[in-house]
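Student: Below, each chain spelled out in residue letters.
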Amino acid sequence: MNEQKSKPKGKKMGVDDHIEQTGATAQDLENLPRQDLSPATESARYLIDKGRICRVKKTKDGDITEPLCNFTARVSEELILDDGVETTRAFMVQGNLEAGEGLPSVRVPASRFSGMNWVTDGWGFRAVIRAGQVTRDYLREGIQTLSPDVRQRQVFTHTGWREIAGTWVFLTTSGAVGQDGFEVDLGPELARYRLPRQADDPVGALRASLDLLRVAPLRVTAPLWAGIYRAPLASIYPLDLSLWLEGQTGSLKSTLTALYLSHFGDFDRTHLPGAWSSTANQLERRAFVLRDVVYVIDDYAPTGLDMREMETKATRLLRSQGNLAGRGRLRADLSERPAFPPRGLILGTGEQHPPGQSILARTLLIEMERADVNLAALTAAQQHATRLPHAMAGYVAWLAPQMPTLRALLKETFENARARAETAGEHLRVPEALAQLWIGLHCGLQYAEDIGACSPGEAEDLHGQCWEAMEALGHAQAHLVEEERPTLRFLKVLQTLATQRRGAVRHRDDGESEPDLLGWQDDDGLYLLPDAAFAAIARFCRDAGTPFPTSQDRLRRDLDKEGLLEGGPGRYTKLVRVGGKVRRVLVLKRAAVETRLGEGFPDPLPLVTDVTSYRA
Amino acid sequence: MRYADLSRSLAHNPGARMNPFLSFLMSDAFPGALHPEHCADLRKSGLTDETTRLQRIRSVPPATIGRLLGFDLPSIRSAMLIPFPDPAGGFMDHIRVKIFPPVNDRDGHSIKYLQPKHSGSRLFFPLATLGRVLATNSPVWLVEGEKKALAVAQLGLPAVGFCGIEGWHVGGSRQLLADFGVLRLQDRVVELAIDGDVDTNPNVRRAARRLADALRARGAEPRLVVLPVAA
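Protein sequence lines correspond, in order, to chains A and B.
Heads up: the first sequence begins at 161 in our numbering, then just goes up one per residue.
Heads up: the second sequence begins at 178 in our numbering, then just goes up one per residue.
Misleading hints may appear alongside valid ones.
[Unchecked claim] Anything over 12 angstroms on all C-beta distances counts as not near chain A; from chain B, calculated:
| # | residue |
| --- | --- |
| 1 | Gly-247 |
| 2 | Leu-362 |
| 3 | Gly-396 |
[Said to hold, decoys possible] Here are the simulated EDC-like cross-link-like pairs (lysine to aspartate or glutamate), alpha carbons at most 20 angstroms apart as the crow flies:
| # | chain 1 | residue 1 | chain 2 | residue 2 |
| --- | --- | --- | --- | --- |
| 4 | A | Lys-218 | A | Glu-301 |
| 5 | A | Lys-749 | A | Glu-726 |
| 6 | A | Lys-734 | A | Glu-722 |
| 7 | B | Lys-221 | A | Glu-180 |
| 8 | B | Lys-289 | B | Glu-343 |
| 9 | A | Lys-218 | B | Asp-284 |
These are computed hints drawn from the structure, not numbers from a lab.
C-beta atoms are modelled at their ideal positions from N, C-alpha and C, and glycine is treated no differently.
Could you put together the complete structure from these sequences and hints?
Tutor: In structure tokens:
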């Protein structure tokens, strides 16, 4: 706009014209006057006029000021959001309506900024962008152009450990324990994860923490306490275990869980960070954000309508924790996004647990009932709940200088504990689960001993008592896992169908056919029609609300591996004369089946061929 | 690089990587005569025959004009080929032609020069002073227009030409053309010889400032040479 707009008055003269007309020499050219060209300054394309952002439009008749909206907006801060895996950006935008009324400060993800839909989302109906296909883009440019001083701010969007400039810091929404200058934003829902910067009376706080072991039997409290002190070590040594507190409604499981979770902030029964009714994506995201802390997901109580959905969510999340792997995702441009694996410890509560052997193998089940809870001890512990974050702050401050060397120590501790917990025949995941908890128990008690919250003798006693309780829990878990084995489930359902006469397993020589026929039997084996038997069992499981967990093919292979199947080489079915014909059937060894079931398989029903004596 | 070296280089590498019509026009098989109208035009700019020969400026046979440019303009009576020397030796696969008579575009602007579509902008290196342009740190004249650059170089001043006031950057960018990479720009005085309308035409003035900015960003010291305005 500062440029002259007049057209040249004289003839356009080039240097060749000058040379030709004047006979100039090189020296003459060098003697011509020079002019400095100051840096180019763009004339303003955007300005604020009458409380509106306007665009200066250049026309043949001069500049026109064209309003783009009825407000002003300015980016005050650019937030660099760091979740520990990827960095994104967001802008803090402030504004005023043209009448001068202030608009609330809105945080706009960088990816949404150019779309300008955030204006209506954040400022509502009264903030109006003028019509026109490119107006939004002009407005976007205008806001950026008119925001010359944008302060950059790094904000962490996860809890837990980060190594920054060689120093390990533990992040919660209050910043970093023992360090200044760190900002953490988890959003309002997770703002309760808050540890004090400095632990106040760490000895007293840890004693209050140890008191939680007396609130209920150790089979309930020991794994919970161990889990609380295991979670802050998740970044250093992988934690592929979830805890599951199961009890009837009113058994105080949510109250107890909230009390333990109070180690990481201000929580109570009505303010827990997760609920199984949330969407799978939200659960997954929070499990990722809540690094090195315990993530409580409350109230797994599937009803008929949402049973499958809730099972799917729980299965997915617990499996992710068990495998420490998130779902792969793609961005809109088809490039790969980082996955969101769980990074802390998931503690689920519910009146029941999700089905499936593989899920149970990854989740340690803690059963409790109301009678387990010492109400007086619970009340006392709740009164001291505000001390618990100080216990955790002291613990992570104690861990921080050890972080670089801790991994090897934890690995050794884990391997020793796993070896102690191993029992022949049990699912390998169970001893591993106990070893994971042992790490937390051991480190927590070691810290207590180091700061004088308990004597070496007390610590040793607690080690022994807690391990004993957790070992008993492990055996119960192993039994539970075994009960969920698909092959055993298959045999049990088959037995139930035969007992209830909902499916017929006839004598081997019986040629009678009927709609519910599943197969034949004799003293040596069960000869099942493969598809009919599997379909009947799958249907029964589905009707019972727990779908059969594996495919037919996988089941046959498992039956064979477990020595239950009599098949030909490379085949799991066999041609056998049954019911007067040669048929391809699944042959189960009767003795092995009955050993596995722990009781006899129901004999075939007598074949009724004579009805002459029947009287109505 | 001396003229003799360049001539040898061209002789050994005539028309390398060129389109076949340009290759033929630049070869020894083509006599390279100039149409009297073209001769007069060059002389009007003060260019000597030696400069014309050195730069291999020549007239394009009428039947070849369309083939060379990739499009036909029936109103063109004749065309003068201005080859672009490659500072690495030989000539670029890039040309401009001065057309006779000029044509008018839709807005009535006179068009005197044409080049093949999508062939972009390149710097024009007069061969007479190429060695000093490339090998020394002495002030270099950055001149708007090929013939004007030749006129300056003919006086012995190291000169480089650019084609039009916006011909120094890639479209959509304010970065200097890649051809500037062969010049030593750090702490070098660059004399900008832009047509006289730089003082009167704001668009030209803005473009000149941007060029100066881009040169400064490379460490050069640009100065605008003030040409007298003809009455």
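Student: Run every hint past the structure and note whether it holds.
Tutor: Taking the hints in turn, this is what the structure says about them:
With a least CB separation of 28 angstroms from chain A, Gly-247 of chain B remains clear of the 12 angstroms interface cut-off, as annotated. With a least beta-carbon separation of about 15 angstroms from chain A, Leu-362 of chain B lies farther than 12 angstroms from that chain, consistent with its non-interface assignment. Remark: the non-interface label on Gly-396 of chain B is consistent with the geometry, its nearest Cβ contact in chain A lying 15 angstroms away (cut-off 12 angstroms). Of the pairs offered as hints, the one joining Lys-218 of chain A and Glu-301 of chain A holds, with about 16 angstroms between alpha carbons and a cut-off of 20 angstroms not exceeded.
Only pairs whose Cα atoms come within 20 angstroms are accepted, and Lys-749 of chain A paired with Glu-726 of chain A is accepted, the gap being roughly 6 angstroms. Distance restraint check for Lys-734 of chain A and Glu-722 of chain A: the Cα-Cα separation of roughly 17 angstroms lies within the 20 angstroms cut-off, and the hinted pair is therefore satisfied. Distance restraint check for Lys-221 of chain B and Glu-180 of chain A: the Cα-Cα separation of roughly 7 angstroms lies within the 20 angstroms cut-off, and the hinted pair is therefore satisfied. The straight-line distance between the Cα atoms of Lys-289 of chain B and Glu-343 of chain B is roughly 16 angstroms, inside the 20 angstroms bound, and the hint therefore holds.
For the suggested pair Lys-218 of chain A and Asp-284 of chain B, the alpha carbons sit about 18 angstroms apart, so the restraint of at most 20 angstroms is met.
In summary, the structure agrees with every hint in the numbered list given earlier.
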